[in-house]
Structure formats: C-alpha cells, structure tokens
Amino acid sequence: MAQKAIREYDGKAIFARHWNEYFDGFHYGFKSVLVTSGDELRAKAKEHGFEWLNQEPLVAKPDMLFGKRGKNDLVLFRINKPGDVTLEDAAKWIDEKQSHEVTLLSGQHGHLTHFIVEPFTPHTQEQEYYISATTVGEDDVLYMSAEGGMEVEEGWDEKVNEVHIPISMPDSDMEKMVRSHVPADIPAENKEAFISFAIQFFRFYRDMNFAYLEINPIVMLEGGNMAILDLVARLDDTAGFMMRDAWGDIEFPTPFGMEDQSPEEAAIAEADSKSGASLKLTVLNPMGRIWTMVAGGGASVVYADTIADMAGVEDLANYGEYSGGPTTGETRFYAETIFDLMTRYEDPRGKVLIIGGAIANFTDVAKTFTGIIQAFEVYAEKLKAHKTKIYVRRGGPNYEKGLKDIKEAADRLGLDIEVYGPETHVTDIVRMALEK
Amino acid sequence: MSRLFTKDTQAIFWNNNKTAIQRMLDYDYTIGRETPSVAAIVAPTSNSKFEKFFYGSDEIMVPLYKSTTEAKAAQPQADVLLNFASFRTAYDVTMEALKIGGFKTIMITAEGIPERLARIMNQAARDAGVTVIGPATVGAIAPGAFKIANIGGTIDNIINSKLHRAGSCGLVTRSGGLFNELSNIISINADGIAEGVAIGGDRFVGSVFIDNLLRMESNPDVKYMVLLGEVGGTEEYKVIEAVKDGRIKKPIIAWCIGTIAKHFSSGVQFGHAGASANAERETAEAKNKAMAEAGIHVPASFNDLPGTIKEVYEELRANGTIGEIPEPELKPIPKTRRSKQFICTISDDRGEEATYAGFPISSVATPDTGKGIGDVVSLLWFKKQYPKWATEFIETVMKTVADHGPAVSGAHNAKVTARAGKSVVEALVTGLLTIGPRFGGAIDGAAKYFKYADDNNLTPAEFLAYMKKQGIPIPGIGHRIKSLKNPDKRVEGLKKFAAEHFPRTPLLDYALTVEQLTTSKKENLILNVDGTIGILMVDMWRALGYSEEEIDEFIESGTLNAFFIVGRSIGFIGHILDEKRLAMPMYRHPMDDILYDVQKAEEI
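Going line by line, the protein sequences match chains D and C. Under this note's numbering, residues 136 to 571 are what the first sequence spells out, in order. Under this note's numbering, residues 964 to 1567 are what the second sequence spells out, in order.
If you are wondering where the hints come from, they were derived from the structure by calculation, not from laboratory data. Quick caveat, the model's predicted, so the values are computed rather than measured. A couple of the hints might just be wrong.
Lysine-lysine pairs mimicking DSS-like chemistry, simulated, CA-CA at most 30 angstroms apart [said to hold, decoys possible]:
1) D:Lys166 x D:Lys232
2) C:Lys1213 x C:Lys1201
3) D:Lys311 x C:Lys1452
4) C:Lys1298 x D:Lys542
5) C:Lys1225 x D:Lys524
6) C:Lys1452 x C:Lys1485
7) D:Lys524 x D:Lys536
8) C:Lys981 x D:Lys571
9) C:Lys1484 x C:Lys1431
10) D:Lys227 x D:Lys206
11) D:Lys539 x D:Lys524
12) D:Lys502 x D:Lys522
13) C:Lys1294 x D:Lys539
14) D:Lys502 x C:Lys981
15) C:Lys1431 x D:Lys536
16) D:Lys502 x C:Lys1303
17) C:Lys1294 x D:Lys203
18) D:Lys166 x D:Lys206
19) D:Lys311 x D:Lys294
20) C:Lys1015 x D:Lys502
21) D:Lys571 x C:Lys1225
22) C:Lys1298 x C:Lys1346
23) C:Lys1225 x D:Lys206
24) C:Lys1411 x C:Lys1294
25) C:Lys1346 x C:Lys1303
26) D:Lys536 x D:Lys571
27) C:Lys1201 x D:Lys139
28) C:Lys1459 x C:Lys1432
29) D:Lys536 x C:Lys1298
30) C:Lys1459 x D:Lys409
31) D:Lys536 x C:Lys981
32) D:Lys139 x C:Lys1452
33) C:Lys981 x D:Lys539
34) D:Lys502 x D:Lys409
35) C:Lys1015 x C:Lys1213
36) C:Lys1298 x D:Lys539
37) D:Lys502 x C:Lys1298
38) D:Lys502 x C:Lys1294
Work out the full structure, taking the sequences as your base and the hints as a guide.
What follows is the structure, encoded as structure tokens:
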C-alpha cells in the first residue's frame, strides 16, 4: 500500500524540521517526546534541551495511530485540575496504561507501547482551529474550520470549508482559492494570519508528499506562536526514495489492534523485502481448511473471492501471492511456510491446497513449480496425514512442463493431486475441490 | 483516434529490455507486420549503436540511442513510447517525452511512482492529448496490429488466446495477470479481442476505464466490451454514467474483483495498491450491484464470468452484429534460432552478383559506368553515393599521398623486408606498420585539432596557446624545406581543387588564418600536405551534410588515416617490386653508422 500512517510524534518532527522554511511569520516550539515507559520519560527529563519536562505541566497520550483518544479516556492532562500533571504523574500513568490490555470504544484492543508527552498548553476554545489536507479523486482538498477539537467532527458539513486544488493549479490561484474559501466565522483580527498559515500548510503538505495531514486542533497563540495539539498523518511511502532527508528517520508502525504478524508472516515479509519478486502472506484463519498458494496479485484476489463465495470465508485459511519471477529457492521457502502452517491443526474433512494462478506473462511456470516440488518432498508425509487434496491450475511460459513435473512428483510421493492448464477456467478448481 | 494502435504503429522502447522487445518482434513476425513494432531503443548508458533481434529466423538491428530526444529525432514516425524506466526515473522519462512531443501513447510499466508525480504526469499527458497506459501495467494490445512488450505472454499463449488477430471484444482490466486470463476466457467463449488494455494497478493511472471504453465505443472493430474492475476507487461509476447517458451503447460485461474484502475490516491489503475501499460505494459488491442496475451484464461471481461472455457473444452473433472472423495465415517462429556471429552492412555476395552497398560490382567497375575508385570508396567505406566533386577529391588525395620517396620510414622498412627475401604482402605490412601518430598521422591530428579550434571559436592565437599547453606541435603545420615563398605544389593543387569544386571550405579558411600567424613566426611553418588533406576532408563531410558528431566519429575511428594507408600502399608496393626487380641482396646496416655505447650491467 502506498499510503502509510505515521506517529503523531514523527509528523510533528517533520513540521519542526521544515518549519522555518515553510511557515513564515509563525513559531513552533516542538516540545514533544516519544517514550515507551515511565523510566524512559524520567531519563529523557535529565537530558539537555528537555528541562521543560520538569518545569511545565504535561500532557501524555498514546501515539499508536488511533484517534478519539479523549473519548477513550487516554489523554492525561489533569490530576486534580487541568494542567497539574507532573513528570512523575505522567511516568506513573504511562506505566499503568501499558501494564494491561486496552480495549477502545471501537472494539480494537491491544497493548499500549508508545506515548507522546508534551507541555500542557493553556488556551481558549476560540483559539482552536481545524486544518487538514488530503487527495480526493484527482484533486487535493484543503479543509478549514474556525472550530477545532471534537466540535468540528460533530458538525462537519456546516463547520468545514473545502478547497479543491487540481494538481496543475498554479500557486497564485491556489492562494486565491484558499483566501476566498476561508471560513467566515474566523475572527477578523485572525483572518489574515489564518489564511497565511493555511496556504503555507498546503504547500508543506504537498511538498512533503503527505497523503493525509490533519491538525485538530491547531491553536493560534499570541505572537504567531502555533501549538499543534493533535496531529494525524499518512505519507505516500512510494516517495520515500526522494524524501529520505526531508522525512528523517520515519517509522511506519502496524496499526493498533491489528494482531502482530506471526513469525511465518514476518519471515515472508522479510523475504519479500530482500527479493525483486513479490511474496505476500496473511494468515486469516490458522484453523482454516482451504489454503492457497496463488501466483499474481489479481488472481490471488479472485481465488479468495471464489472460496469465500463457495465455501464460506471461515474456510479460507490465508491470503497471499507470489509473483514477479521469484527464484526456485524463494518459491520453495514460500511453499514450505504454507505447508507448515496448514499441517498444524486437524480438520476431519481433510485439507484443500489450491496452487492457482492465471496465465503468466513472463514468469517461467516450470521454474517456480520446481520450488513447490522441493517443498512437497519435505512435507509429503505431513500433507498426507492431513488428508490434503491438491488442485493445481496455471498457464504461461513453460506451463506444460511445470504441470507435468508437479503431477509426476506428487504421484511419486503419493499425494492426492489434480492439475489443470489454461483450458480450465482459473477459479474452476475451487468448484471442483468443493464438490468432492 | 478510435483505434489505439494500427499495423503501422511503431514504438520507441525506453530501456533495452531484450526479452520484452524480442517478444514484440516475434509477434510482429508471426502476424506478418511489414515493419518491426520497435523502431528504436533508448539506452542511456549503452555505448552500442544497435541491438540485434530475431525477426523470424533472420536477424535485424534495432538502433540504440542515448536519449529519447535523439531517438525521436531519428525515428519521428514512432508515436508510442514504451517507458520501461524504474519507478525512480519513469516520471522524468514521461515528462521529457511530453516536452519533445509527437507521441500519441505513452505506456509506463514502473510500479510505485510517487503518487504526486504520477498525478502531475497524468495531468500533463491529458493536457497534451496523449493517452497514458499505466503506471504499473503490463501494457496493451491491438491483436493483429501491435503488442506492447510482455502482454499476452509467450507466442504460444498468444495464438491459443487468439491474440494474433482482431476479434470483436474490447477488454479493459486493472490487473495485468488477469488480462491474459480474460483474453483466454474470451477466446474460449467468444471470438477473441479487438483491443485490450490493462490500465495498471497503482492508485493514480493515466487512462482509466472510461477513457478506454469510450475509445472502444468509437472503434468499429469492437462490438462489445469486457471490464474487469477491482475493489477501491470510483472509476466504475464513470462507466455507469456513460451507459446511462448513452455515450456507451455497446454491451458491456463487467465484474469487480475483491468481494472478499468485506469480510475483513482493515489491514489486509488484497491485490493492488489501488485496491482499497475507503467507502461503501468503493466495495466490489456496491460496484457490481450498481453496474448491474445500469444494465451492464454482471455475472453472479467471477467463476460465472465465462458463461456471461458466451451469452452476450452468442446473442450478438445471432443478431448479426458479429460475423465470422477469418483466421489469417501465421508465420511460425522457428523453434531453434542461432544468433549471427558477424554482421555486414556494406556488401553482399548472396545474390546473382556481389554488390557494393547495393550496387552490383559491374555497375561501378568499368570505365563506361563513369565511376572511379573514389565512388567505390564512398560505397564501401561510407555506404553513400558521394557526388562527383567528393569522389574526385578522394581520388586526388590518394594520388597525392601515393609515394614520398624511398627514405621515409615506411618505404625504408618495406625495402629492407623485401631485400630479406620476403613476399610482397610481408614487405608491404612492415611498411604499413610504421603508419601512425608520427608517420602519416598528421592527417588525423590536423583534422582533429583544427576542428576542435574551429568548433570552439578559438582565435589563431588562442589555438596556438592551446596547443602549446597540450605540449604538442600543431599537426599539419610545418615542412622541412617548403615555405610561403616556396610553396608545396601538392598543397597548391589541393587548395585549387577545393576552391573550384567544394561548396564551401570553412575549416580550410580558418586554417589559413592560423598559417598566417605561424609563418610570421617562422617561414617554414606552413600548412603542409597532411594538414591540408585532413582539413579539407572535414570540409568535404560538412558539405555533404554529416553532423559534427559523425565527423568526430570519422576522425576518432581513424578514417582519415585510411586514405593515407590506401594511397601509400601503392608507393610501398612500387618500392617492393623495385627491390625484387633489382634483385638486391640482404641488407645489413653499416656498423660505423651506429653509435655503440654499451656499459657492463651492474649487479643489483
């Protein structure tokens, strides 16, 4: 996926790194730290430049890509009254929050591991504004509102002004558009400043290759000081190769509540990152009866669709694909990983293995099947013990040899196999497998 | 433009992707195209001038260029750019091509071009009226006319899937892998496709479903369309609108893959980067339902798609919309092909009579043909028919340099070898082997340095200073005894010929201003015969329309020296025959003509 969410802390760090270059007439202090424990926070407070952690009242909240932290009661900004949180309070709170599993109102659950700690910023509701930008259809869209915080989300249509900015629009027109669409209820004395900030915000969003950037609220303090109280950002990670310096050291964390990758999935992801080919694996249901090893992104989707349609989604054990001409060794590793996963749990009905794929454009079918055959040699007994029925369907360069080889190997090893070429409809093996 | 490609369409292929290009040429041969579909290859880091490919069992050479600009200038008829640059450079390559202009279609294969760059690129192409296919695509095909790179797979699969001749379906898919599959399904259940495009899997692609379907609507070869969409995005709704408002009247069969996605809240990326539903209406179900409601033929599942295609096709057959598609004769690609070890582009001895650059030898050999040795040189060395003044100049040069007496080093060598009892050829080569930077080399050197000075607009004084800095005397300047007052008659002759017959002599004119300066320093620093030849050769090539780069190449490859080699061989052979005739004995150099200074070797 090209668009990847980043932590609030990393988003603010990008702002800080480029602030002077983009935000003429405004100041931003970037007083934020990202920690994974109370002790780490205490240690941070002893470092030069972080004295404010001991001197100012603090705010602490998890920084793990999920929103509505206030509603989930996961923002620490008061002990007895707003703005009285000390370093020690924050450190203890962090340790407490990460000591148990947390379930959000959305139902997502998991352990909290990363927290952002910042100074408490006293301000009035009037000083809060909303600004964000993203791509909708072919255009960029800038959203602005005179009201920030939770208010804006509750009255989105009335409170937010949108500016559609086509990709080829010159900056001078963009500036005019922003000016003419600025929310009417922004106080007159702040209007010019807000327009100026919005224009610069849009340029920053665009030049930094954000896919989504939202500050809610942005607080306009005295003397052009800006406080970014809450930030959500996604980057276009395909731009990574040209943004390395501009983004700095950026992490793309797994969204909160998503089960962490299994060791098998992680191993495939690791192999994928090292290979010119594509290797993807997601285990949907480790107890599932039907396992797939499908070549190609498009074909893998139609197999998943068809299995869910015909057998029911609970029978679909995994989703994944291999493509782009993987080596024999890579294919073998991929196949062994799947065979290993599919022979862990008994199913009285036996297992089904779909070795599917469309007609390849340039992948040598016989070569990739060699890797699968090698994996058969290792897992034949286990596959037999799980009463595995194997269905193969593939076309493309050298497919006749590939099909012949895999059939011979399976027969020799005593595996139950049926093989089909391009004369059989790509997903028809799913129907055959289920009719048996 | 109702058809994306025709049988005359030619492409410039950016990146020397030999397998993909060979597949295109195999396709061209099989379907009997008259010209290869790849007119040029852009290979910025290659130093070769061409790449060999099979065309049937023969081989052809496809020219290589360093840049798209050069390729387009040399092959202006090629109006398709196949951009096979990586995701790092694909944007720049496309933008450069749009700036050059003259391309109707640009196909971009790279996956993962930064989204903002892809949007800028797609918009720029749209503004320029250029159809972009991709990014992240395997391409497009107009069966029986033109095929991009690897689309359709191997030639066997192409024929099995009836991609070798136009059928009656217009096919648009996102996925490249499933494109092949759909072509196969359509060939089994109907009569194949007339035009097919895989639009690409990235979030922002240039031409989308609607662009391609509207073109197919106006393409008389297309009788119905098959659309294979995907979960994510709203492009299918534009097609629905076009069906509703009557811009598309031909039947469409459509299916969106990715119905599986509804079972998983988020986090699992099914398929391509573009395949992610951000809203209910972007799900595969919603789109399939909306398309069905608009009267598009939507099967119950992907597995039922073949049946739906068959139904629609047979209905169109029954009502006479689709007729019988004749099966053309195909030229099979030989199973085994051997690459040629040598290439010859100057002469051919395979026909009735051997030819020099296409001219039978008899047409240039005898006096009644009006052709001289200069014409033969122009054919065999330059593969061109030079005008009379140029061939006569070449002959003048060869006659002028034929001999310079027995004392020069080459002639002396030849004589010594001949006297040792060796054959004509052995004696000749010992003479020829002395030709180089010191003997005869002034022709090359003069051409090179005077051209450099002229190209860089150096004044004579600046040129002299430059040569002094290089630490070499100016080649082509200076004579043992001749001076301005006592001019070299050979030089006079060459200059006179040039003045009478050359259209212009800019480099000679420049060289004479240099000579004025050098002779003012020393009388015998005149432009000598080597210098005059080298300089006038440059003027000749310029007048014949060669580019400065081509002339530089002639100089670099030693072409000027070649005139000297041919001419002087006449003289050397004369000296050798002279020795043979005189039956001179073995030569031994007199010892008193050698300074002996031999020290006893020290031990170290």
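Structure-based check of each hint:
1. Of the supplied pair hints, the one linking Lys166 of chain D and Lys232 of chain D holds, its CA atoms being roughly 22 angstroms apart against a limit of 30 angstroms.
2. The hinted pair formed by Lys1213 of chain C and Lys1201 of chain C meets the criterion: a straight-line CA distance of about 16 angstroms does not exceed 30 angstroms.
3. For the proposed pair Lys311 of chain D and Lys1452 of chain C, the alpha carbon gap of about 79 angstroms is over 30 angstroms, so the pair is violated.
4. At most 30 angstroms may separate the alpha-carbon atoms for a hinted pair to count; Lys1298 of chain C and Lys542 of chain D meet this at roughly 26 angstroms.
5. For the hint pairing Lys1225 of chain C with Lys524 of chain D, the CA-to-CA distance comes to about 28 angstroms; that is within 30 angstroms, so the pair holds.
6. For the given pair, Lys1452 of chain C sits about 20 angstroms from Lys1485 of chain C by alpha-carbon distance, which is consistent with the 30 angstroms threshold.
7. Taking the CA atoms of Lys524 of chain D and Lys536 of chain D, the gap is about 21 angstroms. The hint holds against a cut of 30 angstroms.
8. With a C-alpha separation of about 46 angstroms, the suggested pairing of Lys981 of chain C with Lys571 of chain D is violated against the 30 angstroms cut-off.
9. Pair hint Lys1484 of chain C plus Lys1431 of chain C holds up; C-alpha atoms about 14 angstroms apart against a cutoff of 30 angstroms.
10. Between the alpha carbons of Lys227 of chain D and Lys206 of chain D the distance comes to roughly 21 angstroms, so the proposed pair stays at or under 30 angstroms and holds.
11. This hinted pair checks out: Lys539 of chain D and Lys524 of chain D have alpha carbons roughly 17 angstroms apart, not beyond 30 angstroms.
12. A hinted pair counts as satisfied when its Cα atoms are at most 30 angstroms apart, and Lys502 of chain D with Lys522 of chain D qualifies at roughly 27 angstroms.
13. The straight-line distance between the Cα atoms of Lys1294 of chain C and Lys539 of chain D is roughly 28 angstroms, inside the 30 angstroms bound, and the hint therefore holds.
14. Using a Cα cut-off of 30 angstroms, the hinted pair Lys502 of chain D and Lys981 of chain C holds, with the two alpha carbons roughly 20 angstroms apart.
15. Distance check on the hinted pair: Lys1431 of chain C and Lys536 of chain D sit about 70 angstroms apart at the alpha-carbon level, beyond 30 angstroms; violated.
16. Under the criterion of a C-alpha separation no larger than 30 angstroms, the hint pairing Lys502 of chain D with Lys1303 of chain C is consistent with the structure, at around 29 angstroms.
17. Of the pairs offered as hints, the one joining Lys1294 of chain C and Lys203 of chain D is violated, with about 67 angstroms between alpha carbons and a cut-off of 30 angstroms exceeded.
18. For the suggested pair Lys166 of chain D and Lys206 of chain D, the alpha carbons sit about 24 angstroms apart, so the restraint of at most 30 angstroms is met.
19. This hinted pair checks out: Lys311 of chain D and Lys294 of chain D have alpha carbons roughly 21 angstroms apart, not beyond 30 angstroms.
20. For the given pair, Lys1015 of chain C sits about 27 angstroms from Lys502 of chain D by alpha-carbon distance, which is consistent with the 30 angstroms threshold.
21. With a C-alpha separation of about 27 angstroms, the suggested pairing of Lys571 of chain D with Lys1225 of chain C holds against the 30 angstroms cut-off.
22. Proximity of Lys1298 of chain C to Lys1346 of chain C is assessed by CA-CA distance (about 34 angstroms); at most 30 angstroms being required, the pair is judged violated.
23. About 27 angstroms separates the Cα atoms of Lys1225 of chain C and Lys206 of chain D, which keeps this hinted pair within 30 angstroms; it holds.
24. Under the criterion of a C-alpha separation no larger than 30 angstroms, the hint pairing Lys1411 of chain C with Lys1294 of chain C is inconsistent with the structure, at around 50 angstroms.
25. Taken as a hint, the Lys1346 of chain C and Lys1303 of chain C pair is honoured in the structure, with Cα atoms around 21 angstroms apart against an allowance of 30 angstroms.
26. For the hint pairing Lys536 of chain D with Lys571 of chain D, the CA-to-CA distance comes to about 27 angstroms; that is within 30 angstroms, so the pair holds.
27. Straight-line distance between C-alpha atoms of Lys1201 of chain C and Lys139 of chain D comes to about 28 angstroms, which keeps the hinted pair within the 30 angstroms bound.
28. A distance of roughly 33 angstroms separates the Cα atoms of Lys1459 of chain C and Lys1432 of chain C; the hinted pair therefore is violated under the 30 angstroms criterion.
29. Taken as a hint, the Lys536 of chain D and Lys1298 of chain C pair is honoured in the structure, with Cα atoms around 16 angstroms apart against an allowance of 30 angstroms.
30. The suggested pairing of Lys1459 of chain C with Lys409 of chain D is violated, with an alpha-carbon distance near 71 angstroms, which exceeds 30 angstroms.
31. The suggested pairing of Lys536 of chain D with Lys981 of chain C holds, with an alpha-carbon distance near 24 angstroms, which does not exceed 30 angstroms.
32. Among the hinted pairs, Lys139 of chain D with Lys1452 of chain C is inconsistent with the structure: their alpha-carbon atoms are about 81 angstroms apart, more than 30 angstroms.
33. Between Lys981 of chain C and Lys539 of chain D the alpha-carbon distance is near 29 angstroms, which keeps this suggested pair within the 30 angstroms criterion.
34. Taking the CA atoms of Lys502 of chain D and Lys409 of chain D, the gap is near 20 angstroms; set against the 30 angstroms cutoff, the hint holds.
35. Our distance criterion of 30 angstroms between C-alpha atoms is broken by Lys1015 of chain C and Lys1213 of chain C, whose separation comes to about 43 angstroms.
36. Our distance criterion of 30 angstroms between C-alpha atoms is met by Lys1298 of chain C and Lys539 of chain D, whose separation comes to about 21 angstroms.
37. Restraint check for Lys502 of chain D and Lys1298 of chain C: the C-alpha separation of about 20 angstroms stays at or below 30 angstroms, so the hint holds.
38. For the hint linking Lys502 of chain D to Lys1294 of chain C, the alpha-carbon distance of about 29 angstroms falls within 30 angstroms, and the restraint holds.
Violated hints, listed in ascending order, are 3, 8, 15, 17, 22, 24, 28, 30, 32, 35; each of the other numbered hints is respected by the structure.
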